[in-house]
Amino acid sequence: MSNDQVTALDIARRLPGIVRKFPAIARGYYYYAVKDQNRELTLGTLIERNAERHGSRAAILFEDRVITWAELNGWANRIAQFFQAQGLAKGDAIAVCLENRPELLAVVAGAAKIGVACAMLNTSQKGKVLAHSINLIQPQRIVVGEELVASFEGLKPELNTGQDTPFLFLADTNTLNAFGDAPEGFTNMATAVSAFNSDNPVLADPPRMGDTAIYLFTSGTTGLPKAAPGSHRKFVKAYGGFGLMSLAMEPDDVLYCTLPLYHGTALLVCWGSVLAGGSAIALRRKFSARAFWDDVRRYRATTFGYVGELCRYLLNQPAGDQDRDHPLTKMIGNGLRPSIWREFKDRFGIETVAELYASSEGNIGFSNFFNMDNTVGFSTAPYKLVKFHDGTRDPIRDDRGRMKEVAKGEPGLLIGEINKKWSFEGYTQQDATEKSILRDAFKKGDAWFNTGDVLKEIGCRHLQFVDRMGDTFRWKGENVSTNEVENILDGSGLVEEAIVYGVEIPNTNGKAGMVTLVPQSNGHPFDVNELFAYLQANLPAYAIPVFVRVTHSIEKTGTFKYRKVDIQKAGYSLERGNDQVFAWLPKTDGYTRVTSELVQDISAGKIRF
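Residue numbers for the sequence shown follow the numbering used here, so the first one is 31 and each next one is one higher.
Keep in mind the hints are simulated off the structure, nothing from the lab. One or more of the hints may lead you astray.
Here are the simulated DSSO-like cross-link-like pairs (lysine-lysine), alpha carbons at most 27 Å apart as the crow flies [said to hold, decoys possible]: (1) Lys541 to Lys617; (2) Lys541 to Lys636; (3) Lys417 to Lys120; (4) Lys316 to Lys156; (5) Lys599 to Lys541; (6) Lys438 to Lys486; (7) Lys451 to Lys473; (8) Lys158 to Lys186; (9) Lys375 to Lys417; (10) Lys375 to Lys486; (11) Lys267 to Lys541; (12) Lys375 to Lys541; (13) Lys541 to Lys486; (14) Lys414 to Lys158; (15) Lys594 to Lys417; (16) Lys414 to Lys375; (17) Lys473 to Lys434; (18) Lys434 to Lys158; (19) Lys316 to Lys375; (20) Lys599 to Lys316; (21) Lys594 to Lys541; (22) Lys486 to Lys451; (23) Lys414 to Lys267; (24) Lys316 to Lys541; (25) Lys267 to Lys486; (26) Lys474 to Lys451; (27) Lys156 to Lys451; (28) Lys473 to Lys486.
Could you build all of it, start to finish, from the sequences and the hints given here?
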């Protein structure tokens with residue numbers, strides 16, 4: 031039997047551990063389903079509940095700061111009243127651009143209390159991409175941290191939200207005690223917030239579970255980022271499914287989070303799990319493999335939020351005597367590869383890997399509730415794995431236009447049924463939403479969400495992630511849109527044609543970006559590092575292609591479509607003798623010409639990307 035297979039016997043062996051979770055789960059669901067039955071469950075009311083039950087306990091740990099649940103709730107209430115005084119009300123939206131620090135959670139909580147949705151801007155975005163994301167939402171206010179003010183210089187003319195859209199400033203300090211000085215054109219939000227009281231808001235029309243609480247930005251098949259609304263219901267589902275069921279969080283638990291809070295895994299999954307236990311979330315601005323275990327010991331963290339790349343970085347650190355000298359026993363996240371799953375658990379003494387599968391906009395999720403190895407777990411949502419065209423996210427349809435499920439154990443495109451119970455919240459752009467829906471898949475009138483991901487069943491309805499298909503790939507824990515990068519390349523004035531895709535590098539997670547391009551024939555020699563400087567100015571680092579293939583022409587089909595699969599198979603090899611290949615090597619400031627020796631070193635894993 032394969033190590034990847036899950037059997038009923040495996041699940042039975044896990045039952046004693048699951049039974050041990052029941053007291054925490056039962057206590058949580060008592061408040062979740064019984065005591066709170068007369069209170070609408072929203073992000074705001076979940077925070078108020080924890081302030082009532084665990085007011086003096088830590089809610090947020092950050093550097094040397096400790097913010098209790100009572101303090102967080104009071105802070106959020108002052109922010110809520112400030113927004114009300116600004117004329118904001120239920121149904122409005124603001125944009126938030128802050129690095130991981132307590133102010134971000136306080137702003138989201140305060141806005142949520144009065145029904146104002148927060149669009150969580152990717153802090154790596156800049157220029158046209160950042161302006162595009164803001165324009166999608168049309169926010170009434172834009173909250174910017176001091177650490178990111180530079181990204182907004184000269185941006186106002188690119189915004190179609192109106193020249194008078196107020197920019198709110200939060201100094202890069204403990205704004206509960208110090209307000210800092212706002213730059214020209216910004217209102218000092220911390221100074222204004224301090225004038226309001228800490229009472230819970232009383233509203234004639236309070237937010238409901240189905241109302242939008244946040245917008246998360248995701249890369250998709252249309253190129254530039256799309257905005258996916260996330261309702262309060264998604265926080266409540268994370269609260270129950272991940273916090274109670276998968277992790278059985280308690281007040282003494284501390285979840286260490288280095289993932290960016292503009293991502294659903296951090297904001298929804300990690301913070302939602304913390305809300306369930308009345309636990310604490312320990313924040314770090316950015317992940318550091320060297321500082322990771324020192325932080326875990328410092329905060330007494332019992333669990334942490336991960337993506338697969340993060341785990342690989344930790345494994346790449348030299349083994350030491352303190353690898354198990356920590357209180358961490360649980361982890362929750364996605365993308366942990368089977369090849370390092372057991373090694374990671376054994377080396378660091380991790381007992382529970384709550385691997386999950388979900389997407390910001392999707393209607394389906396999986397959770398590894400039984401703590402099985404090498405699986406995203408199971409789902410109670412209706413889904414199917416169907417046959418698809420290689421290299422695409424397009425399902426295969428038969429002569430009648432119907433789809434066909436794959437055989438058990440065979441990789442298939444995951445689709446989730448859209449119905450009254452399992453609704454699809456989609457995107458702010460209706461056309462983008464419609465493109466993600468597959469209609470008349472198995473019978474006339476049915477509708478299914480196309481995840482664009484390939485998974486396979488490994489037994490007992492447990493699935494294992496295989497690959498992300500179509501026009502996106504994942505690198506450095508981020509989804510990269512090939513069309514977005516291609517659009518930026520088109521604007522450089524340096525290329526005639528460009529096709530972007532992901533390629534695998536040994537000993538890495540995800541796929542590195544690569545572009546095959548035809549230089550602009552303007553009589554000037556092509557300068558690959560002029561292109562690099564342009565990409566640095568217009569793309570976040572994770573989206574800049576790691577490899578560049580310079581060629582004279584790109585092969586197309588008879589219908590003028592690029593033969594993307596064939597190009598992708600060539601990777602960064604030098605088999606195409608007339609091409610030049612360049613690589614952005616770690617700790618360098620430009621592209622390096624790839625030689626046969628360099629190809630061998632990369633393929634042997636000697637260079638760590």
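Results of checking the hints against the structure:
Restraint check for Lys541 and Lys617: the C-alpha separation of about 19 Å stays at or below 27 Å, so the hint holds. For a cut-off of 27 Å, the pair hint linking Lys541 to Lys636 stands: about 17 Å separates their Cα positions. For a cut-off of 27 Å, the pair hint linking Lys417 to Lys120 is broken: about 43 Å separates their Cα positions. At roughly 18 Å between alpha-carbon atoms, Lys316 and Lys156 fall within 27 Å of each other, so this suggested pair holds.
Of the supplied pair hints, the one linking Lys599 and Lys541 holds, its CA atoms being roughly 13 Å apart against a limit of 27 Å. As the CA atoms of Lys438 and Lys486 are separated by approximately 8 Å, the hinted pair is consistent with the 27 Å bound. At roughly 19 Å between alpha-carbon atoms, Lys451 and Lys473 fall within 27 Å of each other, so this suggested pair holds. For a cut-off of 27 Å, the pair hint linking Lys158 to Lys186 stands: about 11 Å separates their Cα positions.
Taking the CA atoms of Lys375 and Lys417, the gap is near 34 Å; set against the 27 Å cutoff, the hint is violated. Between Lys375 and Lys486 the alpha-carbon distance is near 23 Å, which keeps this suggested pair within the 27 Å criterion. For the proposed pair Lys267 and Lys541, the alpha carbon gap of about 30 Å is over 27 Å, so the pair is violated. At roughly 24 Å between alpha-carbon atoms, Lys375 and Lys541 fall within 27 Å of each other, so this suggested pair holds.
At roughly 20 Å between alpha-carbon atoms, Lys541 and Lys486 fall within 27 Å of each other, so this suggested pair holds. This hinted pair does not check out: Lys414 and Lys158 have alpha carbons roughly 38 Å apart, beyond 27 Å. Our distance criterion of 27 Å between C-alpha atoms is met by Lys594 and Lys417, whose separation comes to about 19 Å. About 31 Å separates the Cα atoms of Lys414 and Lys375, which puts this hinted pair outside 27 Å; it is violated.
Straight-line distance between C-alpha atoms of Lys473 and Lys434 comes to about 12 Å, which keeps the hinted pair within the 27 Å bound. In summary, the hint linking Lys434 to Lys158 is not supported, as the alpha carbons are separated by about 41 Å, beyond the 27 Å threshold. Simply put, Lys316 and Lys375 have alpha-carbon atoms about 23 Å apart, close enough for the 27 Å limit, and the pair holds. At roughly 33 Å between alpha-carbon atoms, Lys599 and Lys316 are farther apart than 27 Å, so this suggested pair is violated.
Of the supplied pair hints, the one linking Lys594 and Lys541 holds, its CA atoms being roughly 15 Å apart against a limit of 27 Å. Distance restraint check for Lys486 and Lys451: the Cα-Cα separation of roughly 24 Å lies within the 27 Å cut-off, and the hinted pair is therefore satisfied. With a CA separation close to 22 Å, the supplied pair Lys414 and Lys267 stays within the 27 Å bound. A C-alpha spacing of about 21 Å is found between Lys316 and Lys541, which places the hinted pair at or below 27 Å, so the restraint holds.
Under the criterion of a C-alpha separation no larger than 27 Å, the hint pairing Lys267 with Lys486 is consistent with the structure, at around 24 Å. A C-alpha spacing of about 19 Å is found between Lys474 and Lys451, which places the hinted pair at or below 27 Å, so the restraint holds. About 38 Å separates the Cα atoms of Lys156 and Lys451, which puts this hinted pair outside 27 Å; it is violated. A hinted pair counts as satisfied when its Cα atoms are at most 27 Å apart, and Lys473 with Lys486 qualifies at roughly 23 Å.
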